[in-house]
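Protein chains in written order, with numbering that gives the first Met the number 0: chain A, 0 to 269; chain B, 0 to 108.
Calculated from the structure, these hints are not laboratory results. Don't take each hint at face value.
Computed list of lysine-lysine pairs in BS3-like fashion (alpha-carbon distance at most 27 Å, straight line) [claimed, not checked]:
{"#": "1", "chain 1": "A", "residue 1": "K169", "chain 2": "A", "residue 2": "K185"}
{"#": "2", "chain 1": "A", "residue 1": "K74", "chain 2": "A", "residue 2": "K116"}
{"#": "3", "chain 1": "A", "residue 1": "K38", "chain 2": "A", "residue 2": "K185"}
{"#": "4", "chain 1": "B", "residue 1": "K43", "chain 2": "A", "residue 2": "K173"}
{"#": "5", "chain 1": "A", "residue 1": "K230", "chain 2": "A", "residue 2": "K185"}
{"#": "6", "chain 1": "B", "residue 1": "K82", "chain 2": "A", "residue 2": "K180"}
{"#": "7", "chain 1": "A", "residue 1": "K202", "chain 2": "B", "residue 2": "K38"}
{"#": "8", "chain 1": "A", "residue 1": "K202", "chain 2": "A", "residue 2": "K169"}
{"#": "9", "chain 1": "A", "residue 1": "K185", "chain 2": "A", "residue 2": "K99"}
{"#": "10", "chain 1": "A", "residue 1": "K173", "chain 2": "A", "residue 2": "K83"}
{"#": "11", "chain 1": "A", "residue 1": "K8", "chain 2": "A", "residue 2": "K81"}
{"#": "12", "chain 1": "A", "residue 1": "K185", "chain 2": "B", "residue 2": "K52"}
{"#": "13", "chain 1": "B", "residue 1": "K52", "chain 2": "B", "residue 2": "K82"}
{"#": "14", "chain 1": "A", "residue 1": "K180", "chain 2": "A", "residue 2": "K116"}
{"#": "15", "chain 1": "B", "residue 1": "K52", "chain 2": "A", "residue 2": "K16"}
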Amino acid sequence: MAANQMRGKVVTITSGKGGVGKTTTTANLGVALARLDQKVVVVDTDIGLRNLDVIMGLENRIVYDLVDVVEGRSKLKQALIKHKQLPELYLIPAAQTRDKTAVSPQDMIQITNELRKEFDFIILDSPAGIERGFRNALAPADEVLIVTNPEVSAVRDADRIIGLIEAQNKGPAKLILNRVKMDMVKRGEMLSPTDVTDILAIKLIGIIPEDELVVSASNNGIPVTLNETSKAGMAYRNIARRLMGESVPFMPLESNTGFFQRLAKLFTGD
Amino acid sequence: MANFFDRMLGRNREGSASTAKQRLQFVLVHDRINLPPEKLKEMKAEILAVISKYVAVAQEEVDIALQQRDHNNLLVAEIPFSKSLVQDPDEDETPIDKFKADSDQPQTS
Numbered sequence: 000m001a002a003n004q005m006r007g008k009v010v011t012i013t014s015g016k017g018g019v020g021k022t023t024t025t026a027n028l029g030v031a032l033a034r035l036d037q038k039v040v041v042v043d044t045d046i047g048l049r050n051l052d053v054i055m056g057l058e059n060r061i062v063y064d065l066v067d068v069v070e071g072r073s074k075l076k077q078a079l080i081k082h083k084q085l086p087e088l089y090l091i092p093a094a095q096t097r098d099k100t101a102v103s104p105q106d107m108i109q110i111t112n113e114l115r116k117e118f119d120f121i122i123l124d125s126p127a128g129i130e131r132g133f134r135n136a137l138a139p140a141d142e143v144l145i146v147t148n149p150e151v152s153a154v155r156d157a158d159r160i161i162g163l164i165e166a167q168n169k170g171p172a173k174l175i176l177n178r179v180k181m182d183m184v185k186r187g188e189m190l191s192p193t194d195v196t197d198i199l200a201i202k203l204i205g206i207i208p209e210d211e212l213v214v215s216a217s218n219n220g221i222p223v224t225l226n227e228t229s230k231a232g233m234a235y236r237n238i239a240r241r242l243m244g245e246s247v248p249f250m251p252l253e254s255n256t257g258f259f260q261r262l263a264k265l266f267t268g269d
Numbered sequence: 000m001a002n003f004f005d006r007m008l009g010r011n012r013e014g015s016a017s018t019a020k021q022r023l024q025f026v027l028v029h030d031r032i033n034l035p036p037e038k039l040k041e042m043k044a045e046i047l048a049v050i051s052k053y054v055a056v057a058q059e060e061v062d063i064a065l066q067q068r069d070h071n072n073l074l075v076a077e078i079p080f081s082k083s084l085v086q087d088p089d090e091d092e093t094p095i096d097k098f099k100a101d102s103d104q105p106q107t108s
């Protein structure tokens, strides 16, 4: 830990389009990294639309938030909420009653510089959009991960975000393709991971299969990566290892293959 | 054999995913340089008009299009010259007039 001091890494999770899974990704990467013995803080930068707390099951423990820290009502340490199971994982929640202008990019740089001294990873959950909130989350980033779904609107917005990230010299961003339905990809009815990386010309860091367990996990406030049986959870754990510099092969995304598909595989060999 | 199984699986090589990919590649190349397709048409017409002032161009074989190579966007133009390089001296139409007459591009922006 001593050698790591001052070297905490700021990872920003962003997307352009809303509803593609930024908050779920932030929560799961936070959990997965903490389980790899990293000291992690996840920060909800979506001021006014606080959500990371409920996804992590910490909504009842909030006393102070990010805006309290920025405006000096609370010390940074007081706003850190410890995760229930993982003692090395913390959350800084967003303010619920304010808007994005309560925080500036400079504030975020200052706060993350403080956090870098204590944590190995500082994961920023960016709001959707390309305005102030996005710029706040981007300003301190060492690494940017873009979450998208294999759908035209999400991919188009991801491309817009990639351009803005490059313009701010924060690139190259890496891509997390979320909610992939492999059976649809196989039928040619959903963009494949290769299609999406061809279009966006950025590198993949993770492919998350569609997984009903993600919804149950959100319902319970227990990130899905704590569920060993979940494929999505496994995919998040793989991303965490890649973030730590490990080379982890992409897992084969099998659909729920039926008898005929297995039979076909025998014959066609694919 | 493979086709038989493709059909049995309901796999469609020309499914909506390939349509999505083509549409995205088209729209993104325009998004990135902030030049909508209609504006590009106008620009093409102007480029051709300038070139036609100097040389005879085979209008129907012209191919000017935006392309994406990695994250670089480029305008790629293939502008073949007219096969009959010798102009008919009796023809009083200049190449540029010919182009304007042929062009069905909207003149307003």
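Query raised in the report: Going through the earlier hints one by one, which of them does the structure break, listed in rising order?
Result: 1, 3, 4, 6, 7, 9, 10, 12, 14 and 15
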